[in-house]
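Student: Let's have the full structure, built from the sequences with the hints guiding it.
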Amino acid sequence: MGKAKMSGAKALVRTLESQGVEVIFGYPGGATLPIYDELAKSSIRHVLTRHEQGAAHMADGYSRATGKTGVCMATSGPGATNLVTGLANAYMDSSPLVAITGQVPRPMIGNDAFQEVDITGITIPITKHNYLLQKASEIPHSLQEAFYLASTGRKGPVLLDIPKDVQLEIFSPHQAKYPALEGYRPTVAGHPGQIKRAVTLLKSAQKPLIIAGGGVSLASARDLLVRLAEKADIPVVYTLMGKASFPNSHSLCFGLMGYHGRIEANHAISNADVILAVGTRFGDRSTGPLATFATQAKIIHTDIDPAEISKNVPSYIPIVGDAGQVLEQLVELVPEQKHDQWMLELRETAERHPLKGKSSGVIIPNILRILKSLVQDPIIVTDVGRHQIFTAHYFPVDSSHSFVTSGGLGTMGFGVPAAIGAKVGRPDRPVIDIAGDGSFMMTCQEVAAAVAEDIPIVVLVMNDYCLGMIKQLQDASYGRRYEACKFGRNVDFARLAESMGAAGFKVTREDEIAPAIEKSLAAGRTAVVDCVLDDPGNVYPMVTGSSLLEYVE
Amino acid sequence: MRHTISILCDDTPGVMTRVSGLFSRRGFNIESLSVGHTELPGKSRFTIVTTGDDAVLEQVRKQLQKLVHVIKAWDIKQNEAVEREHALLKIEVEDKRRAELLQIVTAVQARIVDSSASIWILEVTGDTGSVDNAFNLFKDYHILESIRTGKIALERGPSRVMKK
Ligand SMILES: Cc1ncc(C[n+]2csc(CCOP(=O)(O)OP(=O)(O)O)c2C)c(N)n1
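So the protein sequences, as listed, match chains Y and L. The opening residue of the first sequence carries number 5 in my numbering; numbering runs sequentially from there. The opening residue of the second sequence carries number 114 in my numbering; numbering runs sequentially from there.
Some hints here could point you the wrong way.
Think about it this way: if two alpha-carbon atoms lie no more than 20 Å apart in a straight line, the pair counts; the simulated DMTMM-like pairs of lysine to aspartate or glutamate are [claimed, not checked]:
#: 1; chain 1: L; residue 1: K185; chain 2: Y; residue 2: E186
#: 2; chain 1: Y; residue 1: K315; chain 2: L; residue 2: D188
#: 3; chain 1: Y; residue 1: K139; chain 2: L; residue 2: D124
#: 4; chain 1: Y; residue 1: K139; chain 2: L; residue 2: D188
#: 5; chain 1: Y; residue 1: K181; chain 2: L; residue 2: D123
It is worth saying that the hints were derived from the structure and are not from the lab. It should be emphasised that the depicted structure is a prediction, and the values quoted were computed from it without experimental measurement.
Tutor: Written out as structure tokens, the structure is:
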């Protein structure tokens, strides 16, 4: 940065440029206009969303599809509070995000000024860190620090709240010395002693198992995990967040574990003698009831976040570190092995429990099967509900950063904006959002943003005219009393899409599925396919008892 | 189980909210919290006394350690530390009980730091037990107001903080 004086807003944009930011997803307001005025002179692209929640999810989707840090921006007050769901979503799934909010001018803070809200106070529990900036001269350093914090250690969202008068304040940038962050030193390399102990334990295992969590993807360590699994001949199961952490079609892959997991995956968990869990926090959807979880196994748990070790599941050998580094250390030391007997046991279990989804009709499993035959390697985005779990089971994902879903928070409405963000980051790849009709309605206005910004995504709405997952729960536990589950009036999603300038298609017959998908992919603009399901069946397997082995298929 | 947590952190605005928020979210009641500057410029040190399940508290400690401005958070073992608390009591002094009150003041090593016609302010220092004890003894007199700082604690022997 030169010696010339500049405004806080200009320094902000300069710093964003120097951080390599290509795109900001945002929505303006009075308290961010100085930044927009500078952004107009910058090469950074701004994607104008239709709601700030959309901006946060887009930045999140961008990050998940690229591995880079996503940036979103909102004005003070309601703009900032509209980011909250998106920040919580990113926090739960450890997505690196930098959020910038405008704030009322410093002299007005604390006076209940127009559009004032204490966004740093509100977001303490849902950000990795946040800042309320007091001086323009703090901007360059704080912003750099924000990017550093968001993208290192356990990744996550960081928020900077910048009062409008700080944006306007003129200052002369200088290379000041700032104290290092003494309290922030993430451990990245696995402790050599622990690595050795883990290797010895893995060597002795008769029935070893790897759990692939989202941390593997966040560390871009998928290929190392493949090498380890192949070298030591260890079967792999994944959490929902870990679906893209191991090639789903690999012969060592035994599918999704947990509450909606595959029988063979949950069988593997319950019978393994040694489990290597990589980059997972053992969330309750993945473990099912903790008292009966993996009772036969000694667990080697590796995670970048020391607070995850033994939080939910006791670990026999904890290894704190970056998944990439730890896997590299393990691959080197683990001997080549064979576990034929164990593999046979799991394959036989898998054969006895195939997925039950039919390959005919306008039903989600069949739509996904047809989709896979038409486009092999897309980035698949989902919303939240039955369709999300169906997608986890029926759409194999074989490359990294190719499955984008709201795991920890389970945020309906994540799909459309996350898909837009993913497409901005990876314009070279088809991006397909599998949505539910309920979820779609939460953020469908972002279709207008995608059209206006020329970001062509494909949205397949799995339309069961109801909140399917709610119905499933009411089936299971509320005597089929479908309260607040059906929408009173149905929406024509194809026409809704067309009204926003997107291509719209409606599918009611099986032979319409493939043509609608093909036309959508070729549309050259965003397309929405309203798939009117003829049998909106519940999604199984589902754990119903006090262990992963008590289930309905 | 009662625990004494010590936290060394940067002295920045908001750090108190971040720290106390982690306790309240997990349903921990903070029995006492005291914070002040240290010999290190720009650093503060908290002593927090709380009761709760050991495993959950260990989780809170790890979450504290994750706060960007926290340099170190650790559990202080009572038998390895010197603990002090400080209290001020404002007591109404009846003439006929002045002598016995003075005896108690001497016995608990309190100090009279302010006195007017019939009102004294007493200062008591000691570990939590002795401050409790002093309060017990003064209970029979008319306490107009009182205040306690909450515990501070320092481990014996070489510094635990700086070798991290
Ligand atoms: C923002 C938000 N509100 C409520 C819920 C609770 N919820 C979970 S799944 C679900 C139904 C989802 O319906 P839909 O999007 O149509 O998908 P389907 O289950 O029918 O596939 C609801 C209401 C949620 N996850 N997120």
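Student: Indicate, hint by hint, whether the structure satisfies it.
Tutor: Cross-check of the supplied hints:
Among the hinted pairs, K185(L) with E186(Y) is consistent with the structure: their alpha-carbon atoms are about 9 Å apart, no more than 20 Å. Between K315(Y) and D188(L), the direct Cα distance comes to roughly 18 Å. Compliance with the 20 Å bound is thereby established for this hinted pair. Distance check on the hinted pair: K139(Y) and D124(L) sit about 18 Å apart at the alpha-carbon level, within 20 Å; holds. For the given pair, K139(Y) sits about 37 Å from D188(L) by alpha-carbon distance, which is inconsistent with the 20 Å threshold.
Only pairs whose Cα atoms come within 20 Å are accepted, and K181(Y) paired with D123(L) is accepted, the gap being roughly 16 Å.
In this structure, the one hint that does not hold is number 4.
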